[in-house]
Amino acid sequence: MFKNEEMEINLGPQHPSTHGVLRVKLRLDGETIKHCRPMIGYLHRGVEKICENKTYFQGQIWTDRMDYCSAIANNLGWAEANEKLFGITVPRRAQYIRTMLNEFNRLASHLVWLATHALDIGAMTVFLYTFREREDILDINEAFCGSRLTTTALRIGGLREDLPPGFEKMVQKFLAKFPACLEEYENLLSENRIWKKRTVGVAKLNAEDAIALGVTGPMLRAAGVPYDIRKAFPYAAYAEMDFEIPTRTEADTYARYLVRLAEMRQSARIIQQCMDGMPEGPVMAKVPKILKAEVNEVYHATEAPKGEIGYYLVGEKGNPNPYRFHVRAPGFINLQSLPKMVEGSLLADIVAAIGTLDIVLGEIDR
Amino acid sequence: MHKFLKTLIPFDIAKGMLITGKHFSKVFFSANRRKVPFHVVSEYPEVPAKMQPRFRGRLQLLRDEAGEIKCVCCMACEKICPTQVITIESDKKEVRKTKLPTRYDFEMERCIFCEFCVESCGFDSIILNHQFELAVYNREDMSIAMDGKFQNMFGISPVAKYSVADEKD
Ligand code: SF4
Ligand code: SF4
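Chains as they are written, first to last, in this note's numbering: chain A, 257 to 622; chain B, 41 to 209.
Worth flagging that the hints you see were computed from the coordinates, not collected in a lab.
Listed next, the in silico SDA-like pairs over lysine to any residue satisfying Cα-Cα at most 20 angstroms (straight line):
{"hint": "1", "chain 1": "A", "residue 1": "453", "chain 2": "B", "residue 2": "45"}
{"hint": "2", "chain 1": "A", "residue 1": "596", "chain 2": "A", "residue 2": "505"}
{"hint": "3", "chain 1": "B", "residue 1": "46", "chain 2": "A", "residue 2": "447"}
{"hint": "4", "chain 1": "B", "residue 1": "90", "chain 2": "A", "residue 2": "390"}
{"hint": "5", "chain 1": "B", "residue 1": "139", "chain 2": "B", "residue 2": "115"}
Looking at chain A on its own, in the form it has when it is part of the complex:
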């Protein structure tokens, strides 16, 4: 089976550059990767099954803990899927606040991505600076809902509470300084020759393959496909927001870096628009104490920082729990493109490839 010169090794599951507990089985010929298979499941908790044994309300806390870097984006998809199932209309103010929090979450997630991706490739400084800004976003999370990472901020039908006093000041303070911070990262990385050597032309995934594999999010947009669910199927208050979908055509690691940086700029823009156009009114719709669905099924997709996150819910008559709860996790599907990206390239490139995928294993294994 093996040729003499081929060698099989494992990357992970405890390797620091695999972002958790990903194990990649590699067959090498010298330093060239001949064969690559990602092995997952080390963090499997059975979130989908647990949620089928909990009420519709209680399911939220498990969505927090899937992709722990973007808890609010996960909550938003979950809440909207439930609202679709039960026909609840969310008040406009709640929609705006949700949109704003979701964009803050996108910023936080992208900052973590930039930090870890740069750290994997060897740029330590960026890590320190991005976590400085992320700290401010987590403080905003804490001010809004009392928790920093696993926020449980949203509810079916709206939000638990309105914005706290002094919230606007915090947001404006953050928005005032954020563009300068972004520029700092760009000055550190964009022209840096080491960074460019490690990223330009590395881990290419063209649009055709990306679509065939079901890859979504910045990975797809860096291949030149302007597909963003916020624009394609607007949810929350995105229909009223003015923003662009940054795309590139190079489809390599460097292009994905540029796309994500541009996305952060757009997120800051959306937050500003939300703050300016914040309508008055209640933040919670009337929701019955016990939700019981007629037999009904919904699929609702939203744009999480990592790609399309979809929730598939089947309700059962007279049952306070969902009959089926399924999550289409973006990281899970994006990870399947790893062999396509790295087979035939050098071993060192796989670290860049895993970084650019922006995976969180809590979501992939669920």
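Add chain B with the ligands to chain A, keeping to what the hints say.
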């Protein structure tokens, strides 16, 4: 020629070094001065940490002005808790119309601080206080009862020396 110079002299690296140098000097020349605007390190154990008003810490039972336990044992919190860490037993007491809990157990090691219980309580009889220092030496101390020796449901734990102990709004 231009390209050659660019390869020879690492302008791009110098640009990055300039940024790190700027930040380094900023901190270096103001290290021991108080109240510099970019002073991000808090002197936590000496100065109690200030949490946001909505911070979700440990579950605490409240008493009303007369010192009575506010909880009326409607079991709403027990039912909604996603990790099932609350156990309530009640007894009809003659002293008041509503029920009084005889047992209110809270297994903190499994609590995820989601605040569903506080939200479901229609009598405002529980809060998540601002206590975040929850480490203990024995696992049994994590199970908090109404009359626990080490820590009970009514007060701040003795381990929380440095948490802000004031009430939530
Ligand atoms: S905070 Fe959540 S997990 Fe903890 S006791 Fe309350 S409902 Fe249960
Ligand atoms: S919901 Fe409030 S009143 Fe009801 S049992 Fe829990 S603490 Fe007591």
